[in-house]
Amino acid sequence: MNLGVNLPRGLVLKNPIVAASGTFGFGPEYSSYVDVDALGGIAVKGISPDPWPGNPPPRVWETPAGLLNSIGLQNPGVDAFIQEDIPFLNSVKTVVIANIIGHTVDEYRHVAQRLQREPRIDALEVNISCPNIKEGGMSFGSDPDQAFAVMHAVREVTDKPVMVKVSPNVAEPWVIAQSVVAAGADMVSAINTVIGMAIDLKARRPALGGVTGGLSGPALKPIAVRMVYEIARRVGVPVIGMGGIQSAEDVLEFLMAGAKAVMVGTITFQHPTRMVEIIRELPSVLQRYGFASLDEATGAALAGGVAL
Amino acid sequence: MNLGVNLPRGLVLKNPIVAASGTFGFGPEYSSYVDVDALGGIAVKGISPDPWPGNPPPRVWETPAGLLNSIGLQNPGVDAFIQEDIPFLNSVKTVVIANIIGHTVDEYRHVAQRLQREPRIDALEVNISCPNIKEGGMSFGSDPDQAFAVMHAVREVTDKPVMVKVSPNVAEPWVIAQSVVAAGADMVSAINTVIGMAIDLKARRPALGGVTGGLSGPALKPIAVRMVYEIARRVGVPVIGMGGIQSAEDVLEFLMAGAKAVMVGTITFQHPTRMVEIIRELPSVLQRYGFASLDEATGAALAGGVAL
Amino acid sequence: MNGGKGMHCMKRDYDVVVVQRRVIAPQHVELIVESPDLASAQPGQFAHVLTPGMLRRPISFSRIDRAHGQVGLIVQSVGIGTEWLCNRQAGDRLNVLGPLGRGFSPPEAGQPWALVGGGVGIPPLYAALQAWQNTVHVPQVVVILGARAAAYLIMADDFGRLGVEVRTATDDGSAGQHGTVLSAVTEWMGVHREGQMMACGPTAMLQAVYQVTANWSGRTQLALEQRMGCGIGACLACVVATRSPGTHGSQYQRVCTEGPVFDREELVFS
Amino acid sequence: MNGGKGMHCMKRDYDVVVVQRRVIAPQHVELIVESPDLASAQPGQFAHVLTPGMLRRPISFSRIDRAHGQVGLIVQSVGIGTEWLCNRQAGDRLNVLGPLGRGFSPPEAGQPWALVGGGVGIPPLYAALQAWQNTVHVPQVVVILGARAAAYLIMADDFGRLGVEVRTATDDGSAGQHGTVLSAVTEWMGVHREGQMMACGPTAMLQAVYQVTANWSGRTQLALEQRMGCGIGACLACVVATRSPGTHGSQYQRVCTEGPVFDREELVFS
Ligand SMILES: Cc1cc2nc3c(=O)[nH]c(=O)nc-3n(C[C@H](O)[C@H](O)[C@H](O)COP(=O)(O)OP(=O)(O)OC[C@H]3O[C@@H](n4cnc5c(N)ncnc54)[C@H](O)[C@@H]3O)c2cc1C
Ligand SMILES: Cc1cc2nc3c(=O)[nH]c(=O)nc-3n(C[C@H](O)[C@H](O)[C@H](O)COP(=O)(O)OP(=O)(O)OC[C@H]3O[C@@H](n4cnc5c(N)ncnc54)[C@H](O)[C@@H]3O)c2cc1C
Ligand SMILES: Cc1cc2nc3c(=O)[nH]c(=O)nc-3n(C[C@H](O)[C@H](O)[C@H](O)COP(=O)(O)O)c2cc1C
Ligand SMILES: Cc1cc2nc3c(=O)[nH]c(=O)nc-3n(C[C@H](O)[C@H](O)[C@H](O)COP(=O)(O)O)c2cc1C
Ligand code: FES
Ligand code: FES
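Quick note, the sequences are listed as chains F, B, Z and S, same order.
If you're matching positions, the first sequence starts at 1 in the numbering used here and goes up one per residue.
If you're matching positions, the second sequence starts at 309 in the numbering used here and goes up one per residue.
If you're matching positions, the third sequence starts at 617 in the numbering used here and goes up one per residue.
If you're matching positions, the fourth sequence starts at 887 in the numbering used here and goes up one per residue.
Chain F on its own, in the form it takes in the complex (with noise of 0.2 Å):
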């Protein structure tokens, strides 16, 4: 079965199954324990302008079939990831995406900029989930007008494929996805991570040194299938899903809620391995569940009778 991706731009993945951003690092880390070729696609790490610290540990914390993190979005700058990390990349024979994120317009702005002269970025995701500093820290994702923004300047700048990664932690994420479309994007992610938080009782304080956390993993799924549902049948571009993906059934059901492609994250860190074993298994689960090809089964469980 042909597993391959045509998405919009010319952008081509060979099979559906992309790293997650945040989750894969920039590439070297698993690429002794995973074959990162064999992957669709790898999405790394957000990266700002200059460096941002992150947040202070502890940045981890396991819930029910969930993980709570407060990475906080440490990343070395764009022109650090450009001269230290591109290298590394260039020996990469599959997509790579790269993930941007600032606190104003003009800061994803500059880092499209840059990495608009980068042939090695396929493609670039624009996290939407970062708090817009000059707009009293509200997430640029909450709001379609700023987030329209931030997709309109970024589109000036850059003639590659881009995705705009949209935040749940609104009423309507469907409202900002049609937005940043209308703003130019050739693509959505769906979704980042819902906000949570844990409490550390023996130490009686926040689990997270960033207080609260952004919850991954299997528990989201069902709000992420929701989500990608909802974008998918309102937007007319192609959707990227994820959340909580562990197994080929459950792409599956990414692409039959609407999904083209999906991105897979928490579980490579139980699994380096999962994604490879998920490329392998997706055809004769497909074929399991009466599906020739990937875009028979995307949007499959729109069609038939449920009302838009």
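Because the hints were derived from the structure by calculation, they are not lab data.
Treat the hints with care, since some could be wrong.
Interface residues of chain S toward chain F, partial, derived using beta-carbon atoms under 7 Å [stated by the list, open to error]:
hint	residue
1	R898
2	D899
3	G939
4	M940
5	L941
6	Q1112
7	R1113
8	G1115
9	C1116
10	I1118
11	G1119
12	A1120
13	L1122
14	A1123
15	V1125
16	R1129
Beta carbons: idealized from backbone N, C-alpha and C, even for Gly.
Following the hints, position chains B, Z and S with the ligands against chain F.
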């Protein structure tokens, strides 16, 4: 250890464990499995002015550490409730909380008014997750003004203690909480289920008859703890926390995040007697973590260096 | 505990011991468990069994041996819960709620009786025949069993040993009639204009039985499956559309409480 | 697979077999596992072990027997993952990543050497002594062990059998000095103005060692604990504040990659 909880308008729970609405029927169903009188209270299923039919089955689906439901607030209406269910509830020796629902502000007012005359109903829990049919189907719980209007109408017709149950499906549930407190709510209960979805791969359609459903159970806990934390430090009234509680440790986590009492739902389906076991274990768990009383535990993780 | 409230005779979830395990077909295991409580069940009732999933799993009784305080549970492995159940061994414990629900009404004396079962819907029919064969006098009994293939025609031998007529049908023709139970059912109804039918099996089979019995003047009881939450009537998860209103104000009734067995006239089945 | 990229010698997660299990203290179990790969570890490195939780659990090596291809893992049961590990039996398999991280730098010849351990920080020090006692000539070795109570002074006998001086301290005074390891450490530093220290134990103990060694002119290596995600450097979960920048643009370094062993001068420890 005294487990009693004093709440506004003279409402006293003998312990902080209350059965969550919709998971404990109207009282009699579980009464041969659990010593209902041992509970801090029970919140009965949502009650509307007229009978609501609920959603087509299937109505439940399991997800990792979670449960999706699309019961659709099936209920016999307030008149049948008063006639058929209050007689049994009269035999129960604990607090009874009526969960009230409506499609318009007037419907909420109507149910509150009818129940005002029922001495057996010790408190009301206003469920504002219902769609407002006059305003295009958006839930009352997603707009601070509409939430205010509902609580205001209820307050006009009842002097019973009233809590409003906030929905997590908005960007800032604490804004809704602040709004209903301004409208006269005595307490806030948090949270209701998070909207989610699953696909039945074999059937190639959404797993629930209602297409999307509400996620409950342990998967939800970190989201719920965070909401309780955010609300408790912003409203001056007691918060009743819930979402995924399975153990006395989980109860303590909610208390430390700012709750005065909790509700327990989904786990009862697995273990009908779990609530009673939690009540039995709670004193020793509090002691193990160094708390001499419930009040000491409430909000303990908010103090000490956690920036507001 | 609930002193003074006579209605409160406390039940609760409890542990039962598996005393025997046997593989009866590919992916099908029968567990014999010791429990006088469960053995007080009516045929068609079920146990709500704790597994590692979020919710319990409803399983009917394949045999009810009141004398020895034992029941049988036949489990087909179709997902995480039933797979776990199929791996239980003699000596293991199961935590159960039950017996739950409303089972079959006993057959009426003097009326011919057909038991129509498919897949894991077969076991409760065996329990029914076992319970009433010698206590209710019926002039004629036929058991009509359907399955994918010969290997899945579970309990056919057990029925045989009770000395009743057994007709079988398989989707692939590997045993009995090629096709579904429907033709045997239609044929039997043609011969017996009056009579009583008890059917249990996959929803598609029950819908077909519902259709073909529309103009039949006998009584048809159908034992349904539905996804369940609590299993005891509290959550309203397990409903099925019915003609007369159930409790809780709708045309829905609860499979766990008013069911799993319904008279066909009660149901709105499409 | 990655033909042409010489850097890609593929590691992966793999299964190892538990060949021995012994309870060494209340809630403390030592598992001996067979694995030439793990037995290539440096003292202070760790294995990232799969358990039923969401994440793997980092566990240090208590002994590294390169000759027989075996390592020891001493696990204290403190939560779901370690409880599960403590229940493994001989014959069971564990899935591991590793050996991971940067272990202790070998002691320098000619310098007195103190190994300071608390609780489950003791095992990697034993591995260190075992590895270097006979290969590096140091004029004096002392092992300083602390625990809640006598029963938790794990491996004291093992150290004894290596013929080195062992000083102990317990919080409740049930063995050795009443109190913490601190007074023995201070005393030793008083005698040895130069020298080398390796410390591993609870964060509070390491912070105290960090403080008291502030003006000492010897070298102090501290093996830290931090909550981990990936264990291999990708997620930036496991950081600790350091003086010099790590990778990824901050004053944080990764315990799983740049650590778990850090020179005290590297750390900003409060
Ligand atoms: C009254 C009643 C009696 C039953 N008797 C038997 C029996 O004797 N033997 C037997 O093998 N099976 C029986 N079933 C079906 C059995 O309950 C399901 O096969 C089982 O719950 C599937 O669980 P799972 O974890 O293996 O599958 P999964 O698909 O992993 O289960 C996921 C969820 O769906 C529910 N579910 C899945 N399939 C069904 C179904 N067909 N009916 C109801 N809920 C379902 C599960 O309970 C669980 O909550 C009965 C069902 C009902 C309602
Ligand atoms: C480099 C390193 C080496 C270690 N060596 C040993 C050893 O040899 N023997 C031993 O018994 N323990 C050791 N630990 C501590 C051990 O990893 C934790 O006790 C264990 O992860 C707790 O898991 P749990 O599921 O039992 O506890 P839970 O509290 O249920 O764990 C919840 C989460 O917190 C993490 N966590 C909890 N406590 C710690 C901790 N102290 N350090 C890091 N993560 C933690 C867990 O990994 C898990 O992700 C080491 C830790 C590190 C970082
Ligand atoms: C440790 C960690 C770090 C993450 N960092 C980023 C990030 O830098 N940028 C981003 O867009 N998403 C980030 N995410 C979110 C993931 O890319 C993904 O959206 C989310 O984890 C859900 O997928 P999963 O359940 O498969 O992990 C991070 C997630 C985790 C667990
Ligand atoms: C089957 C089911 C039905 C529910 N019905 C109601 C309801 O009628 N009114 C309401 O306010 N909440 C309802 N809820 C939400 C619960 O009261 C509770 O807020 C939620 O389930 C989270 O708690 P839990 O994780 O302990 O179940 C329902 C939940 C479930 C699982
Ligand atoms: S399963 Fe809860 S009412 Fe039937
Ligand atoms: S645990 Fe992921 S970087 Fe250290």
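Hints, one by one, checked against the model:
1. R898: Interface hint status for R898 (chain S): holds (6 Å vs cutoff 7 Å).
2. D899: holds, 6 Å
3. G939: holds, 6 Å
4. M940: holds, 5 Å
5. L941: Constraint on L941 (chain S) satisfied, holds at 6 Å.
6. Q1112: Hint on Q1112 (chain S): holds, closest Cβ of chain F at ~6 Å, below 7 Å.
7. R1113: holds, 5 Å
8. G1115: holds, 5 Å
9. C1116: holds, 5 Å
10. I1118: holds, 6 Å
11. G1119: Where the cut-off is 7 Å and the nearest Cβ of chain F is about 4 Å from G1119 (chain S), the hint holds.
12. A1120: holds, 3 Å
13. L1122: holds, 5 Å
14. A1123: holds, 4 Å
15. V1125: holds, 5 Å
16. R1129: Result: violated, 14 Å to nearest chain F Cβ.
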